[in-house]
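Visitor: Counting with our numbering, you get residues 68 to 225 for the letters of the sequence shown.
Quick caveat, the hints were computed from the structure, so don't treat them as lab data. Heads up, a few of these hints could be off.
Cut-off 27 angstroms, straight-line C-alpha distance, at most; resulting in silico cross-link-like pairs (DSS-like, lysine-lysine) [what the hints assert, rightly or not]:
| id | residue 1 | residue 2 |
| --- | --- | --- |
| 1 | Lys159 | Lys170 |
| 2 | Lys124 | Lys159 |
| 3 | Lys206 | Lys225 |
| 4 | Lys163 | Lys206 |
| 5 | Lys215 | Lys170 |
| 6 | Lys96 | Lys159 |
| 7 | Lys87 | Lys170 |
| 8 | Lys96 | Lys82 |
| 9 | Lys124 | Lys82 |
| 10 | Lys124 | Lys87 |
| 11 | Lys96 | Lys206 |
| 12 | Lys96 | Lys170 |
| 13 | Lys170 | Lys209 |
| 14 | Lys163 | Lys124 |
| 15 | Lys215 | Lys163 |
| 16 | Lys159 | Lys82 |
| 17 | Lys124 | Lys96 |
| 18 | Lys209 | Lys225 |
| 19 | Lys225 | Lys215 |
| 20 | Lys163 | Lys209 |
| 21 | Lys170 | Lys206 |
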Amino acid sequence: LMTERLGSIYFSMEKHQQVKDALLWLLNKGAHAERADSYYQLGRSLWALQLYSQAAKSMDLFLATPSGRDPHLVPDAYYIAGSARENLGDQKGALKLFEAALKLPDNSRNEEFIYRTGQINLREGNTRRARELFDYLVKTGKDPDWQKLAQQALASLK
Numbered sequence: 068l069m070t071e072r073l074g075s076i077y078f079s080m081e082k083h084q085q086v087k088d089a090l091l092w093l094l095n096k097g098a099h100a101e102r103a104d105s106y107y108q109l110g111r112s113l114w115a116l117q118l119y120s121q122a123a124k125s126m127d128l129f130l131a132t133p134s135g136r137d138p139h140l141v142p143d144a145y146y147i148a149g150s151a152r153e154n155l156g157d158q159k160g161a162l163k164l165f166e167a168a169l170k171l172p173d174n175s176r177n178e179e180f181i182y183r184t185g186q187i188n189l190r191e192g193n194t195r196r197a198r199e200l201f202d203y204l205v206k207t208g209k210d211p212d213w214q215k216l217a218q219q220a221l222a223s224l225k
């Protein structure tokens, strides 16, 4: 628990290398965090250090530990886990996470996930699904930035 507290202090100071040094042991087989948010803090730091494979693993552990975690961190955990997979070339894994994030209740980043899901579908050649997502975002979106990006994506499909 002490190293988790230390990792948390480093995280609050945005000292990502120190967070990695303090918490990387959590990714070892058989290791368990006392605090679910430690997985999030480690994953966020590994993401900042561009260590995508380990970042994805850490966020997977955070998402698999529903008890005791801060629910406000869940959408970002999906974002990091999906984006890390995207950076590793695992489009299907990223798509699965972004689609799961679309089902989260009260997700303030929902429009971002709709757009990202549309983008992956577009890259994967599923233009019909991409068009549906972008169209939905243009018609029902509340954030003008995501609406504009969706409009541009739709224009590129014509």
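Visitor: State the violated hints by number, sorted upward, taking the hints as numbered earlier in the document.
Guide: 7, 11, 12, 16
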